[in-house]
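Trainee: Sequences and hints are given; from them, build the entire structure.
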Amino acid sequence: MRLADLLARDDLRLTLVTGGAALDREIRRAYPTDLPDPRRYLRPGDLVLTSGVWYTEPSDCERFADALWASDAAGLVVGLIVLGELPRELVKACELRRLPLLLAAPDQSFGTITEVVTVEGFAAEQRRAERVRAQTLLDVLGQIPPGEVSAHMRLLGADPGLPTAAMAVTQTGGPELDLPELLHEGLARKGRHLIVGGTPREAIVLVNGRASRKSLADELRGLVAGRGVSRETSPGTSREMSLGTRSGVSIAAGISEMAASVSQLGEALETARRGMESARGGPGPVSIMSVADIDSFDLLLASLPAGVRRSFRDRLLAPVEDYDARHGSELLRTLDLFLETCGSWQRTADELYVHVNTLRYRMQRIEELTGRRMSSMRDRTDLYLALRSGQPARDDGAP
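297 is the number of the first residue of the sequence shown in the numbering used here; add one for each residue after it.
Some hints could be false.
[As the list claims (entries may be wrong)] Pairwise CB distance ranges, derived in the manner of DEER restraints: (1) R424 - L392: 32 to 40 Å; (2) E353 - R424: 38 to 46 Å; (3) T408 - P579: 41 to 49 Å; (4) A447 - K388: 56 to 64 Å.
For the record, the hints were derived by calculation from the structure and aren't laboratory data.
The structure presented is a predicted model; accordingly, all values stated were derived computationally and were not measured.
Positions of the beta carbon are idealized from the N, C-alpha and C atoms, including for glycine.
Mentor: Next comes the structure, spelled out in structure tokens:
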């Protein structure tokens with residue numbers, strides 16, 4: 297739970313005094329104390345609640361605030377039943393240490409705040425545990441029998457009998473986020489179950505139930521644009537879930553069609569991952585790619601598995617690369633320039649600073665090595681695609 301989430305709850309009636317720049321800090325625990333120097337009992341991420349019994353003189357504020365800062369506390373909540381008014385020295389001490397300071401309402405019990413933090417913390421731990429179980433399934437999807445996939449899905453609360461779409465989403469810009477957590481909350485809808493895994497900047501989501509490729513794309517755009525959904529945090533209290541509240545956030549995503557059977561989920565996930573890689577560098581804050589969006593050979597090649605691209609390239613061009621390595625020649629570069637100039641002998645020779653006859657000798661050698669003829673448009677196309685298959689997509693591993 298973040299400080300911002302706590303502050304946004306109307307039922308707690310907390311007021312921010314200082315430290316607004318640090319409201320994204322995670323709260324690990326609520327710790328009420330009136331000790332003048334509680335540092336030995338504090339942990340990083342603690343939200344400290346105090347009534348100020350320790351305060352007798354201005355210097356006490358420095359000591360108390362320093363203890364919280366040294367312990368890496370998430371923030372401080374002060375009640376005024378004992379103090380009557382907030383000491384200016386405490387505000388100044390918190391400002392100096394960039395420590396968020398919140399003021400509790402006069403009739404607000406610290407017990408209520410502590411209970412909220414505890415409940416939210418337990419829920420967060422459950423979500424983390426579920427993410428671990430989800431990642432276990434995502435790591436083996438496409439490698440285990442459909443029956444095992446169904447069993448995993450049931451354990452995660454999903455219905456293997458319902459259609460499921462795969463999404464791969466990566467953050468391409470903006471401040472660091474927990475993308476899986478935000479997508480888990482932002483894409484939650486009635487009639488669907490989400491299986492979410494990944495890393496803070498890259499999420500994999502299986503959307504089980506009510507959804508379509510188009511609706512998921514629209515939901516993603518809405519999240520980044522700030523049109524989130526309201527998530528109920530307590531009776532009568534909700535908060536908006538969106539990525540757009542974080543300035544400069546941009547994402548690239550791939551979305552599969554709905555898979556009718558669990559046996560198709562491995563392929564759906566691979567399709568989504570390749571779509572995400574193809575979407576990197578796309579225009580705007582949200583770049584989404586799917587099979588339905590392929591409209592160029594670049595995207596078509598990027599949609600193929602890395603192993604297929606490497607195999608295709610090696611089959612056609614490995615002899616040329618081997619020849620260049622043995623003789624220190626530039627046949628591969630020559631071929632690339634020749635095809636890029638649409639087979640213009642003079643323009644290619646000019647680019648290479650060689651005589652046209654030298655170029656013709658090189659092209660003859662390439663034909664001998666590849667078994668392809670430059671007079672054939674089909675052969676030229678094969679060679680051009682093989683060259684472009686050597687521009688690795690971001691999902692490529694080591695060769």
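Trainee: Can you tell me whether the CB distance of A447 to K388 sits inside 56 to 64 Å?
Mentor: Between A447 and K388, where Cβ atoms are some 59 Å apart, the hint holds.
Trainee: Could one say that the CB atoms of E353 and R424 fall in the range 38 to 46 Å?
Mentor: This hint holds: roughly 44 Å between Cβ atoms.
Trainee: Is the distance from the Cβ of T408 to the Cβ of P579 consistent with 41 to 49 Å?
Mentor: 47 Å Cβ-Cβ, so the 41 to 49 Å window holds.
Trainee: Are R424 and L392 spaced within 32 to 40 Å by their CB atoms?
Mentor: holds (34 Å)
Hint violations for this structure: none, all hints satisfied.
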